[in-house]
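> Reconstruct the complex from the two isolated chains, following the hints.
Each protein sequence line maps, in turn, to chains P and R. Sequence positions in the first sequence follow this note's numbering and run 1 to 311. Sequence positions in the second sequence follow this note's numbering and run 312 to 605.
Careful: at least some of the hints might be erroneous.
To be verified - Simulated coverage check for chain R against chain P, where a stretch passes if three residues somewhere in it have a Cβ under 8 Å from a Cβ of chain P:
(1) 362-376
(2) 381-391
(3) 398-405
(4) 460-468
(5) 479-490
(6) 544-552
Said to hold, decoys possible - For the chain R half of the interface with chain P, some residues (derived, Cβ under 7 Å), not all of them:
(7) L394
(8) F445
(9) W518
(10) L571
(11) H597
(12) G602
(13) A603
(14) T604
What the hints contain is simulated information worked out from the structure, not anything from laboratory work. All figures in this text were calculated on a predicted structure; none of them were measured in a lab. Ideal placement from N, C-alpha and C gives every residue a C-beta, glycine not left out.
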Amino acid sequence: MADELELAFERTVQAEARIEPRDWMPDGYRKTLIRQIAQHAHSEIIGMQPEGNWISRAPSLRRKAILLAKVQDEAGHGLYLYSATETLGADRADLTDKLIEGRQKYSSIFNYPTLTFADVGVIGWLVDGAAICNQVPLCRTSYGPYARAMIRVCKEESFHQRQGYELLMTMMRGTQAQRDMVQDSVNRWWWPSLMMFGPPDSESSNTEQSMAWRIKRNTNDELRQKFVDMTVPQAEKLGVTLPDPLLKWNEERGHHDFGQPDWDEFWQVVKGNGVCNEQRLAHRRKAHEDGAWVREAAEAYAAKQVKEGVA
Amino acid sequence: MSFDNAYESLLGHEDSHWAFGTGFSESLVGVDREIPSTVDAEALAIYCLMLGDDALIMSQRLAEWCSRAPEIEEDIALANIALDLLGQARLLLSRAGDVLGKDEDELAFLRDERGFRNVHLAEIDCGPGPGGDFGTTIARLLVFSTWRLALFSRLRGSADPVLAAVAEKGLKELAYHRDHAAQWAVRLGGGTEESHRRMQAGLDRVWPFVSELFLSHDVESRLGGVAVPAAELKSEVDGVLEAVFSAAGLTRPADAPTPLVAGMAGRDGVHTESMGYLLAEMQHLHRSLPGATW
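So here's chain R without its partners, still in its complex pose (with noise of 0.2 Å):
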């Protein structure tokens, strides 16, 4: 677009000094999206659903700090994990959408809860809102980034090539949600009396919603070679967190049952209660202007 004005001279036409870039371009560039023919396409999309959704529901949540962090260091962090997570989410939407024959916006926006497929960890009310504070919201900031980069790192070598790549870019990123829930997880369990107890409330808070993560479903056995089983995960996320936990002075919870309905959970589409509010905020205008542009 030329935009005619004074300050144009001030901008240049040099990209590299945003934070994020002005193009919002396609980061997938090269990567071949042909669907692999031994892959179960169909589960495929259910798998991209899976993880795209974990990553759009965090990222809704965690953008709810924007302006109410302790400090505007952190509410600038925490933009920038919730702004990772976004462009996460809608690679994985789209390469749904590659099978399904929808865009980013239809799966995000028109899907009713029963067809959202993320865990229920990423879903509830951490704060800032009355479901916790800054300790819960880094309690589960550190499980969901350490679960998660256990997960990319087996994913990269994906039998898709697009959850390949996709694992590929998201690994850097995760690393540094991982390192700075890390920091304020040790930074509050070691500060004061009080960030101790919170720390450790908070903890106690996301914990009942850890075993899900583990939960292996058949649309992964439906993919071997393409998705990485849960069940794999949990060594290597209970020996990461066991050193924070250490060296933050915390103690690990007691392991729970994942609480079941039916016999399903979140990758089944069965949320908790707070997931409607959540999706009614989320989806309300989209829904009310159909045939809308943005």
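Bound-form chain P, shown alone (with noise of 0.2 Å):
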């Protein structure tokens, strides 16, 4: 019986069809499922740190309303996410609790400090551009509901980045000081960006398995190329340097030549020693237990309302 349940899970995917939430499906595919669509949530809620530190200081009132309801977006992306996740049995309590505790991860990249308004541009332009890199073959995931949600967040993901590449236009038909901070803040961005992608394949544990299970579309490398061909002219057209000194045009693969990240800073923020990481989490932690009176008093609320047959 099991043998024939896992056929037909087998066959669905090899015929790119759907796996939906009521169909049978293996504990590892649920459970490495769950995994990393809960990464991705915590990393929608997480990152509206880094970018939220602007809101305040935004210098001018369309920027700060763009912030705004950009940081807004990752919020909703995390909630549709963490939905995604209870079609599969998971609950999102549960899986906060995970993240402010230390178990689950999520992108490493928001555990670096935005320190000048050109970050919510490059913010933008490169993150929100390797994410999309990352996102867009999920919208073709095995699993039915992360497709869905996949679609809908990668359509405001390009939103996002078109405003943050709009921004960067915009600094740099400015003053010297904002040419400056593009350019600064790019050089601080670019090397997390690649980072994004995970490790090398050589490297990448969780690689060959999510592949089959068709989770994953492709390798970690073949979309840092795809992210680094796509941003070279893009930065040409901006006016600014990507900071690689082996980055360069190679005719004969047709792709950009470029240089490895810094693997170790890689580790060494993934293990938790980023300038932001403890911050982050203690932010989150804070919220979240700030927050419990008033979690307690709507489900307390909502209880008596039940119990007077009011709803």
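Quick look at the structure:
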């Protein structure tokens, strides 16, 4: 019986059809998905902080509105993604506990600090750009609810990327101080953006099984190459330099050659030794703990309403 | 902007699926911006600053909750309200700018504290900072949105076509803000012992700032038919709040007179000490790069 179910599952996946919440699935598939989607949801929620850092100081009212709307979108993405994990039997409160206790990860990029307003633009352009490269293939991932959530997320991310790029274009047309600010920001965010695709394929433990299950569609190195190829002409148009002396077009391969990020730094940040790891988690933990009485009150009130037959 | 990448096809060219649209276009298209000849233009500019600053400063305070709310849904809701108020602020500052020959950013970022005309209720720290918590924030939002909704519903008939249009547009937003705050007040008031205590404490904290909302100002008397006299709003606001307090089991705190300095309050540019810090944070980047374009 189990074998038949497994065969049916394999056939569905091989045929590029979708697995839906009520379909049978192997435990490993379910666990892998919960872990991956939860990490993605956590990344959206933690990712609100570095950009949220500039809402109060945004230098024009239009930029303030755009930034606040963008950070709000990230909260929305976190919400759909937590909902997608709930279709797999996970529980949002439990996943939140895992995040604030440091038992589940989020994207390491958010452990870097946002130091100037140019970082808001560069995060839109490079970080959201890298996220889109990672996420567009997930619109075809084998698990239906995740794939559908990703379509909406990608549409909004694509809009964020444009807004970031448009901010940088505007700043590059401004004063020299603004242009210097943009270049400095690109210098700080370029390598962490390349790290967003994960370690080289030769060192990535999760890739192979996820590819077979069609959860993952491309390897880390393929996506990194795609991102570099896409970004180089955008950087030229913007008028900034990417801080990699090895970066050059390779006619033979039809791709850019480029240097490797500092993987030691990557692993240090993953292990918790980035500039903001502790701060990001403490911020999230404080919000969660400070809000506990509100959530309890809402539950208590709802329970009373049910008891009184109102709701 | 043409944007050559692999995801363009995903995006399409349709704006309707974005929560806030992608255009951020002028929302008062077609409204006559000419200042009617019967209107005292200088008084109109001051009045627009009063209402615009209320919205701008309240939005700045609400946005402090971003990434700090008790649950994700509430993070989204508070950001939504902050965005609505920021939108109202931009329209009102732009209207003041029609008279003063300045744009919204010059007015928001280059005025000093004494030039801001918002009421104190908008500027005080009601949390997530040390000045309050979610209960205090809801208490302020309840009072503020009830008062502003009463004001905007009368402002729809303003002799200034721009003010009338801003009021018409803002009404739906403010009705949602008031509803959101009232629902939370009822939930917290009737939730747990702790939530009841905190909601009542929040109300007690903001109440000393309520009487200022109904103070008359001579600018209103110079704008007959254009402005709404603040004193007219009191009975409607009292009635709505009374209904909410009763549903929430909350006690209306005793009224206190507005603390004045040489007869002046927020509408005259005299603020609480927290205002300077709020403006320092909000304005520093704009001011530190003169001539920059954003």
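> All hints, please: hold or fail.
Cross-check of the supplied hints:
1. 362-376: Result for this restraint: holds, n = 4.
2. 381-391: holds (count 9)
3. 398-405: holds (count 4)
4. 460-468: As far as the region 460-468 of chain R goes, the hint is violated, because 0 residues have Cβ atoms under 8 Å from chain P.
5. 479-490: violated (count 0)
6. 544-552: Violated, because only 0 residues of the region 544-552 of chain R bring their Cβ atoms closer than 8 Å to Cβ atoms of chain P.
7. L394: At about 6 Å, which falls below the 7 Å cut-off, the nearest Cβ of chain P leaves the hint on R:L394 intact, so it holds.
8. F445: This interface hint holds because 5 Å falls under the 7 Å limit.
9. W518: At 21 Å from the nearest chain P Cβ, R:W518 fails the 7 Å test, so the hint is violated.
10. L571: Hint on R:L571: violated, closest Cβ of chain P at ~29 Å, above 7 Å.
11. H597: holds (4 Å)
12. G602: Holds, because the Cβ-Cβ distance from R:G602 to chain P comes to roughly 6 Å (cut-off 7 Å).
13. A603: holds (5 Å)
14. T604: Holds: closest Cβ of chain P sits about 4 Å from R:T604, inside 7 Å.
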